[in-house]
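**Student:** Sequence:
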Amino acid sequence: MTLRCEDELRLARLHGAGLQRLGLTRQNVIDTEESEFPYTATWARALWGSKPRPHGIVWTSRQNDSARAMILWENRVRAASLAVLDHPVALDVDPGLDLVRQACLDADVDLEI
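For the sequence shown, counting from 1, position 74 maps to 74 in the numbering used here; every step adds exactly one.
Keep in mind that a hint or two might mislead.
[Said to hold, decoys possible] Using C-beta positions, here's what the derived DEER-type ranges look like:
id: 1; residue 1: Y39; residue 2: D7; range: 17 to 23 Å
id: 2; residue 1: E33; residue 2: V93; range: 32 to 38 Å
id: 3; residue 1: L82; residue 2: R45; range: 22 to 28 Å
id: 4; residue 1: V93; residue 2: T40; range: 22 to 28 Å
id: 5; residue 1: R62; residue 2: P88; range: 35 to 41 Å
id: 6; residue 1: R78; residue 2: L24; range: 25 to 31 Å
id: 7; residue 1: D110; residue 2: G49; range: 31 to 37 Å
id: 8; residue 1: Y39; residue 2: A17; range: 37 to 43 Å
id: 9; residue 1: T40; residue 2: C104; range: 34 to 40 Å
id: 10; residue 1: E34; residue 2: W73; range: 20 to 26 Å
id: 11; residue 1: C104; residue 2: V84; range: 43 to 49 Å
id: 12; residue 1: R62; residue 2: P95; range: 31 to 37 Å
Rather than coming from a laboratory, the hints here were simulated on the basis of the structure. Small disclaimer: the values here were computed from a predicted structure and weren't measured. Ideal placement from N, C-alpha and C gives every residue a C-beta, glycine not left out.
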């Protein structure tokens, strides 16, 4: 899905130089187990309260390290400024199912349907 925002966004970067600036690594806040979520939530709260006030957080996706994941805080981003440019694709029928099959092949995962 592609999301467009008409307003300029200020995002706290939890990837690359953004992590380095905070003295963190992926293992500290991204590649964590569920038991570590309270720790990562503490970082999210600290970033929410930082100056200048960010509109959200962006990080490297744990599931797909060539993609970014993002949280936008609703009390800081005008809903009217957001627009979905393309629509989600159902993954249980083609053409979405074909995307799932290809992703499984790429990841060497057996898909049983």
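**Student:** Now, for every hint given, state plainly whether the structure supports it.
**Tutor:** Do the hints match the structure? See the list:
1. Y39 with D7: 17 to 23 Å: violated (31 Å)
2. E33 with V93: 32 to 38 Å: holds (34 Å)
3. L82 with R45: 22 to 28 Å: Given a distance of about 23 Å, which is inside 22 to 28 Å, the answer is holds.
4. V93 with T40: 22 to 28 Å: At roughly 35 Å between Cβ atoms, T40 and V93 fall outside 22 to 28 Å, so the hint is violated.
5. R62 with P88: 35 to 41 Å: Violated, at about 20 Å.
6. R78 with L24: 25 to 31 Å: 30 Å Cβ-Cβ, so the 25 to 31 Å window holds.
7. D110 with G49: 31 to 37 Å: At 45 Å between Cβs, range violated.
8. Y39 with A17: 37 to 43 Å: violated (22 Å)
9. T40 with C104: 34 to 40 Å: The hinted range 34 to 40 Å is violated for T40 and C104, with Cβ atoms some 28 Å apart.
10. E34 with W73: 20 to 26 Å: holds (23 Å)
11. C104 with V84: 43 to 49 Å: Check failed, 26 Å falls outside 43 to 49 Å.
12. R62 with P95: 31 to 37 Å: violated (26 Å)
Of the numbered hints stated above, those contradicted by the structure are hints 1, 4, 5, 7, 8, 9, 11 and 12, listed in ascending order.
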